[in-house]
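On the provided structure of chain A, position chain B with the ligands as indicated by the hints.
Protein sequences, first through last, are from chains A and B. Using this note's numbering, the first residue of the first sequence is number 1, and each one after it goes up by one. Using this note's numbering, the first residue of the second sequence is number 832, and each one after it goes up by one.
Just so you know, these hints were derived from the structure itself, not from any lab. You may find that some hints are simply not true.
Claimed, not checked - PhoX-like mimics (lysine-lysine), calculated; alpha carbons at most 25 Å apart, straight line: (1) K54(A) / K245(A); (2) K1003(B) / K751(A); (3) K1061(B) / K873(B); (4) K1019(B) / K873(B); (5) K751(A) / K926(B); (6) K16(A) / K818(A).
Given the structure is predicted, the values throughout are model-derived calculations rather than measurements.
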Amino acid sequence: MSITLDIKYAARLLHKKPAFTALTIFIVAIGLGLTLYTYSLLSSLVFKPLLLNKDSAVISIEAEFDPSHLSRRGVDAYDFLTIRNELDSIDEFGIYENDTALIGKPQNNAATRKYNAVQIEWNVFEFSGVKPIMGRALIAEDHFEGAEPVIVLGYDVWQQYFLADKDIVNTSILVDAVATRVVGVMPQGFAFPMTAQIWIPIAQKYLTPTDRSRSWLFSYARLKTDVSFDVFSQELALLNKTVVKSLPDNMRWRLDDFEGYLRAVPYKKASITQFYSIFITMGVVVVLILLLACINVGNLLLARVNERFKEVAIRIALGVPRHRLILQMLLESIFICSVGGFLAVLFAGWGLELSNTVFDQMFMVNQEKPFWWQVSLDTDAIILLVLSVVAMIVITGFIPAWRALSCDFNGVLRDGTRGSQGKKAARASQILVISEIFLSCVVLVIATILLSTSYSAGQADYGVDTKNRITATLELPESSYPIRSDTEFELADTLKRTAFYYDLQDVLEQMPNIEAVAFMSSLPGTGEGASFFEIEGRAAAVYNENPFSNNEVASRGAWNALGMTVIQGRDFSLDDISEEIDTIIINESIANDFFPDGDAIGQRVRRAMRNVDREGGWQTIVGVVSDTFHGSAMRTSSEQYSSYFMLDNVGFSWINMAIHYSGSQVLAEKSLQQAINQVNNNATVYHIQSYDELISQPMILVSAISKVFLLCGVIAVFLAASGIYAVAANSVSQRTQEIGVRRALGASDSKIMQLFMRKALWQLVIGLSIGITLSLWVVNQMTDTMVINQGSYLIGLLGIPLLIVIMVIVATYVPTRKVVLMEPSDALHHD
Amino acid sequence: MNNNNTENSTQALVSLKDITKVFFTDDVETHAINNINLSINKGEYLSISGPSGCGKSTLLSLLGLLDTSSSGSYTLAGHNVSDLNRDERSAIRNKEIGFIFQAFNLISDLTVAENIELPLTYRSDFDATQRAAMVNAALDKVDMLHRAHHFPSQLSGGQQQRVAVARAISAKPAIILADEPTGNLDSKNAQIVMALLDQLHQEGATICMVTHDPRSAARAERMIEVFDGKIVADQLTQAPTAIAV
Ligand SMILES: Nc1ncnc2c1ncn2[C@@H]1O[C@H](COP(=O)(O)OP(=O)(O)OP(=O)(O)O)[C@@H](O)[C@H]1O
Ligand SMILES: [Mg+2]
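Looking at chain A on its own, in the form it has when it is part of the complex (with noise of 0.2 Å):
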């Protein structure tokens, strides 16, 4: 009955004040909105582990994580081995290795397509709980030596490549020209290790290693159910020290310290490494606004008790039961904080569902989104909803309440005047507006650090013309071309795949579109290995003293499709195909830093290893070019200096190429599967994309989380100007009366101004000296994966606090501009 009564009366209350409703609800929505979406995007992502239809999480082993190309880094088949026998805490456990395949159907000639392979174990569908839609899973068997090559296929691989075919169980495809027969369809959305979409087996030799090698392997394993990982990790630091103990000289290139190279990783943290730290971040920027969201509610809800102070104080004169004050004061909180939940789901929802296209954008051209890259609100969400619903009710509904019951209302009543804010309930609001002012203030400058450098990676000078060129990845079917290494053959083989490629580059420069073709191991603007070099008589004492560059593979005339020159010397030329001497082009920079009188052509280098046998033979300088960066777009300055083979001496079975062309980009990638048809059908091309999308590809995810954080900043200033313009206008009037005697007083306007601008100014000094330190600090975690330029800290660490300081400003002075105009009588008057 009493609580009908309460309850009408908070809906009045509510409804009386429109606007007031809205924007709370708005704000809860906004707040747990965003909380909502970064946790399901987070946990599927990332924290949730992989369980894979078992209790146990699915963890990696695999080496550590190389910084300097940003990748990862795969394992000796050798140590697997070790790992399999000696560590008795796993249970289950399978190896792979990451490949792509082109397809082919051997009976009519029909044009083959690349898609994503794993050479993998058998047991690797037990592992993961999935069975075949149609034919049978791997088996041991099909591992032994001489066993007939098979293969399963992914569900699109099947539908699209083979059109669904019924019959498709045991009839014999192509994979890389070998026949190869199909043992089974995997069910739809299966991509297990991480975005297969075929599966053959692994070599024995891989399984059952009799000594170490260069291969390149990752893992899968689960735990016993009563082993921690921590443990494991400490077991698997053990046996880290007895690998490193027993790693042969040949093999120190592993090693990139001391303590070992294998590492256990939760399986889908591995995949984004690189990202782990912006991840944290963003987790930590939306509790951030979670909070300020709060505040900010919290805030209303005490101006509104403010302004009922009088009412409040004739209920305790009347006797109204303290709980019956709080329950009140409560409704409404629990009102809009529930109404604020409801569409707080909606949001989140939406963006979710936003997030799925974009994450199918993304690797659209690569085809490398992981499986578990699906992102939808779960249970797990809810439960936090509606936890979030009540500690927000309780945050917001408890201020109120509390500061409510707290003041002298026998003053008030006595008086008649509304209690002029007490010196508790003044520091409430200082601390109020101090920790808006630095939390909107870390958000904003993460935000746009953030920003700032993926847009700047996106407009970096590559020392590339990236206008109207074209960029793909070309593969030959290595059966067809075989390389027979350390014979006499060795350099007829390698022509012959590289006559190939110039082949095709005269195929295209016939057509009337195509302006020039350039074949590079790695563009500029990608990244590839890198290792030292020695000038000829200036060699460092040791080796990784010497110079470091980046060692790429290119045609020959591959520059002028680059929109690269050759300053100094010439381009490689058919001349140069001898075992006698081998040539190389260094950039520009090299020839600066090293020969600053101009005399790098003629000149001798060779590669520096740490082990002296694996030097490189010597190479002449005959030519220097233009400098571009190579390395990924996370980290541009990542090296300056960079060295080029000629491809007809290396002979690559894949290599990268650009080109460039007039007129419209379709008719350019039509006319490039044109020429490849024309030259050799069994050649495939893939990844085609503008050279622009090539240079963003490794941002992508780093500029789609940044549009979240700039959206997050955007919250995080509207509502922090929200909330301190409630704050500053709560004050304000409350000392309206204090205003009307000072005016008598003969305060001049500005005067009074000032003594509100003084205190906003003093706020901000605090809060931007926190927001600034805190921010610093957690941009300096980003920097572990990012190379963050000068213009960005700029940006973020003066632009911002110079935008806060504005909106403080404006906050503060439009409420306190609207007292100080009242006539001093009616201010005298106010209450």
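Below, chain B with the ligands alone, put in the same frame as chain A:
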């Protein structure tokens, strides 16, 4: 005896000509002040009385430049102050006018001394030592020196009002305006405050006081009666001598 003082005056400190004040609330027009003419001479002690709602406080606000009139002109110490801007009006309030309110209106976050010093800090002609001397002098006059560092909430109502008086006189204003200065006080404290005003008057201060209480009104040398926004009586009191302290 109507308006005789005004006619005879050689040096009118305050002179209101055809002053009206109209309030608009929703669709109601209230003529709070209706065409009032009034002049006050330097050194005069004047009381304003009348029924509730007749416009006394409004008149005092206009005199104190706390509000602007709807029409008419106002001359204070020879200057026309009707058309001044906000800051000029502030400066005049600060220098020429001292206020004493019914509700004391001390600022609760400032000590007694700071409250008194406050109006002095709004102008630049005094340095800190001068201000301290003026604060002490004012506090001494109202006999509150021993409470200089207390906060208003630690004082009784009578004490608070004495501090308010000290604040009003600290800068030696041309005129002191008091709106029901004893309205919130018991008779003993009211006596003390009234005695203070008498004393100030003897020392030459010009005082204009709104009051309900006929006994208080009687202490002034000139009584004005307001009814419905108009001055209906303006006369010298029968017993103009104040009680000596
Ligand atoms: N700010 C205002 N807005 C509208 N009307 C007002 C305002 N201030 C005063 N009034 C009206 O003007 C008239 C005069 O008010 P005023 O406060 O001057 O009366 P008063 O003589 O001081 O009364 P009291 O003895 O009760 O204090 C009243 O009718 C009042 O309602
Ligand atoms: Mg009044």
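Taking the hints in turn, this is what the structure says about them:
Simply put, K54(A) and K245(A) have alpha-carbon atoms about 37 Å apart, too far for the 25 Å limit, and the pair is violated. Taking the CA atoms of K1003(B) and K751(A), the gap is near 21 Å; set against the 25 Å cutoff, the hint holds. Between the alpha carbons of K1061(B) and K873(B) the distance comes to roughly 23 Å, so the proposed pair stays at or under 25 Å and holds. With a C-alpha separation of about 30 Å, the suggested pairing of K1019(B) with K873(B) is violated against the 25 Å cut-off.
Between K751(A) and K926(B), the direct Cα distance comes to roughly 15 Å. Compliance with the 25 Å bound is thereby established for this hinted pair. For the hint pairing K16(A) with K818(A), the CA-to-CA distance comes to about 23 Å; that is within 25 Å, so the pair holds.
Violation of the numbered hints given earlier is confined to hints 1 and 4; the remaining hints are satisfied by the structure.
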